[in-house]
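Here is what each chain is made of, one letter per residue.
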Amino acid sequence: MISGARAYTDNGVRRWLARAMARDLGTLVVPGLEIARLHGLDVGAAGLRSVASPRHASVLLVVGALPPALCQAAAVLYAQMMRPRIVLALGDEPLSPLPSADIRLGLSQRELLEGVRQLRVLLADGAFQTTAIDFEPAILSTRTEYTCPMHADVIRDEPGTCPRCGMTLIPREAQHDDHTGMDHAAMGHGQPEHKESTDHAHAEAHVRPESTDEDHAGMDHAAMSHGQPEHKDSAEHAHADKQHGDDHSDDHGQMNHDDMDMDFMSMVEVTRDLPRGSDGLQMDWLEVPFGPLFPGLPGGLTLTLTLDGDNVARAQASAPVGIEQARLTEPDEVATFVERISQTDRLAPLAYRLLVYRALENAANAVLDANSIRGRVGALERERICSHLGWLAQFGQQIGFGWLARRAAVLQLAARNADVRKLQQLRPQLVALTQRLQRTPLLKQRLRGIGVLMDDGGLRGPVARAAGAYDDLRLQEPAYQDLNFETVVRPHGDALERLRIRLAELTNSAMLIDAVGVIDASSTFAHMEAFHHLSGSGQASIETPRGAASLQMTLDQGRVISARLDTPSTRHLPRVASLIEQCELGDALTAVASLDLSPWEVMQ
Amino acid sequence: MTVFLALVSMLLYIYVIAVIEASLRTGRVNAALPLFAALALLGRESIVPRKCDRIFFETAPILLLLSALLAAAVLPLAPGLMITDLATGALFINAALAYVLVALLMAGWGPDGAYALIGGWRFLGQLLAYSMLIVMPITAVAMRASSLLTTDIVTSQAELWNIVYQPLGFVLFFIAAMALAFLPPFDLPTAQGELAGGVEAEYSGVRLAVFRFGRLALITALAAATTVLYLGGWYGPWLPAWAWSTLKLLGVASAMLVAGHYLPRIREAQLLAWAWKFGIPLALLNIFLVGVLVLVLS
Amino acid sequence: MILAQSLLVGFFGAAAVAFGVWVFRTSSMMRSALALLFSQTALGAMFLAMQTEFLGVLQIMMMATEMSIMAIFMVMFMMDPGGLGEMDMSHQKRLAIAAALVATTLSIAVVILVDWGKPTAVPPGAAQQVRELGTELLGRSMMLFETAGVTILTAMIAATAIAVDGRPYGKQKPAAAAMNQQHKPPLDEEAQS
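Protein chains in written order, with our numbering: chain A, -5 to 598; chain B, 785 to 1082; chain C, 77 to 269.
Heads up, some of the hints might be wrong.
To be verified - Subject to a maximum C-alpha distance of 25 Å in a straight line, what follows is the list of computed DMTMM-like cross-link-like pairs (lysine to aspartate or glutamate):
1. K416/A x E480/A
2. K1061/B x E142/C
3. K1061/B x E222/C
4. K438/A x D449/A
5. K416/A x E324/A
6. K194/C x E222/C
7. K438/A x E1052/B
Hints were generated in silico from the structure; no laboratory data involved.
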């Protein structure tokens, strides 16, 4: 029995179809492929086909823990998937409001393979169940309310007439009350909202939870009722629902309803109250959410774009999975604190672990031996290689470059746990990748001049270095100075430069690892007991793959009493809006992707 | 009988092209994959968005398939092996393909979804620009054949294929065909990383199967058109006529698919700018050059 | 044969009228535009049924793009995806009814009063028609068509010029502005340090 079975009786033909379904597994990966790869999961090799739209998916693959915001977003996506659908969770964290996982296993490629095997069996056997239940979590439910076309503030639960003007109230859909302020549409694959002047106060979220199962296969009408009544009447409802129309006519001077015979319907009149774009044309604007589970962006990043045609008129970027500064750095036992900081960024866990240990060691005035330092350099540089390759894979996906997406993913998986010797073997392939991208037609035209950010002191890491700033903490570290490390800087600050910087850093980091000859960070972490009675304050900073992060902490008798964390994505995220406004949609998304934001490390 | 044969061969081509597309995506050749994918889609739920224009939503995939099949109907695979030989065949190809635009507009606007909507109107600009680059090279081809009959166009290439006679036209037509079939790098209406599937995003189950089938039929029709118009149709030594057509058609289709795999998606602004600023002057130049050649050589 | 042809002409004629009615009976501009398209397509099919192949195919082809352009303008001004709005497609009803009556009377009068001559026994073949049409276009009617073409082109350019005039200058898109700065590094530049 699977949670998302189709409500039909099982018969020979269906059994046969179910077996075909078990061979073709369109998969939605939550929080995203980039997280899956960081855990060493090769989704494609496991026989899952990653798809972009929830409508095309039948498997929801959950990788590791999901913050509450993502759980809800995933539930919205799950509700849009084709039945029979199934949830495969790797890791043992709760998923509510998603239905409980049909298969739950550990977080490794071996267990993913096992999961896919079980999933095939389950799908082949349980795709059609007469007892199938519907997925109707509270966050998806909508109710109908009645409002006056003239007085938007008149809202009733029952049909009737307006107390002020006596007009018949018209029905419209409203969000569930329990979730005021939570915009369902913003959850990824939402629907557009008409951006219009007045009644945005009750902007309805058009979430489509379950939709009509249109296969009126005839026989089992009882089974058809498993969730359909809602849809049936909503189908009619959609036509009776004057909500949209009234949005327009309200705002456009009632000309369609009242003045029918009076004047000529001119475009000037229709568009009179519409917002005016930068090109001076008045068009309908559309507010569209991209994220937090959008295929071309890192999972957890949300862009809300107001589109004027396909031009971004206004933009808003947020990271609902980011961490509250207060929560992250609240006073705590040093051991818990270390774990908390280390898990800040799911995309660069080692860099943050190194950061907190450095701060602790500074507070304790501990001195590391040269070997440990070199081991840490090796480990950090390996993480940089993995991170940049992961970014390349995602960037390839974003700009529709199939070869790059796959090649970078393969290299990332190979580099993930590679030792020095294996990385040496990988180096020619990294160089080949770089050269290949140099020669790829259309790539330079696609990226040049896109997302230009010039350095003003606020940028970090590769983004700053692509804008001509020598912003690299590694330049100040003795360990790197001993290796004659030189950072790569390029002048123009666009997406192409960022690509070039990261490509150059791939080979540079590989050379650094070669020079230190050792990758070992874990054995250099002192046991927590060393810090048990530590008092004092420590400060440290580190060049993470995304740029400089710093941590300032004060300890008292082994307890952290205050701390401050600064991360590169926190600095980059607020710039997104001004960066992409007035850009074409594709260019805007490319610009955002080129920043390599990690929503996980964003401080709220 | 010929109609039946033509349809069966069309189906076979579509299947082989689907296999090529799937192997490019997965990196492994698996001849059964498209079959399983199609069967699976038939078994899955076909969701109708709760708020949608039902007529447009239902019509779009069928119209896409229909226009591709109609375009293919006038393209001969071997002497006599075609569904109908229209006296206006070369023009009819354009007429049929113009409805691809209508189908995508319907698919984009029909469901109440922003990604689909944007995908739909992106395709409008794309098709307007690139249908010019379909029509104008075909004009030059028809000039050489002095006929709009597709069979006449093939026989006009008995001695010299059009790819040699008018290489500029071939290049323009090939690129425009890729843009018309919204294949990468021209996949702006369905862009995965930008629109999460775009016009396809709201389709599922059997409707998605029809949509994808229609798209594959469109690729097949355009590959067949390239074969007939530029690669001498069924002409070739040693092998029988149908074998040459098949080889050329599948070769063209693979070239289209493989090219997209190694290229990033083109920017919309450049897509349009290049078509209008370079494509159309070049297409006019092509017509002029072919005109001169026709005059000189006749 | 002639019966089948007449039936087809009648069928497509009825379809054209039906779609024409739908243009005004629907509740969204996009649907309206596409209904008009299918009305025109049905007209093209009538041409085909009347054995004027070139005209039919041309009509079917041209209308697809023309009406799509119209539809997309509708969508841009008022997106209304899925057509959930309740916009009334009819306006100026009294004037419209009067105009319709006059036009219908006129067309019927033309049908009845004009001397249509004797029907052609055998229409020329489709290929022959294409040839004759080409000769006509490059002969007697050349001046007419060229003038019309150039006039339309002029009108388009003029319309664009008028539309562009009101645009605030200097507010370029950032991407475009950056492109214009011409800071293009050489293409073969190495990304390596």
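Hint check results:
{"no.": "1", "hint": "K416/A x E480/A", "in the structure": "holds, 24 Å"}
{"no.": "2", "hint": "K1061/B x E142/C", "in the structure": "holds, 21 Å"}
{"no.": "3", "hint": "K1061/B x E222/C", "in the structure": "holds, 23 Å"}
{"no.": "4", "hint": "K438/A x D449/A", "in the structure": "holds, 22 Å"}
{"no.": "5", "hint": "K416/A x E324/A", "in the structure": "violated, 41 Å"}
{"no.": "6", "hint": "K194/C x E222/C", "in the structure": "violated, 32 Å"}
{"no.": "7", "hint": "K438/A x E1052/B", "in the structure": "holds, 14 Å"}
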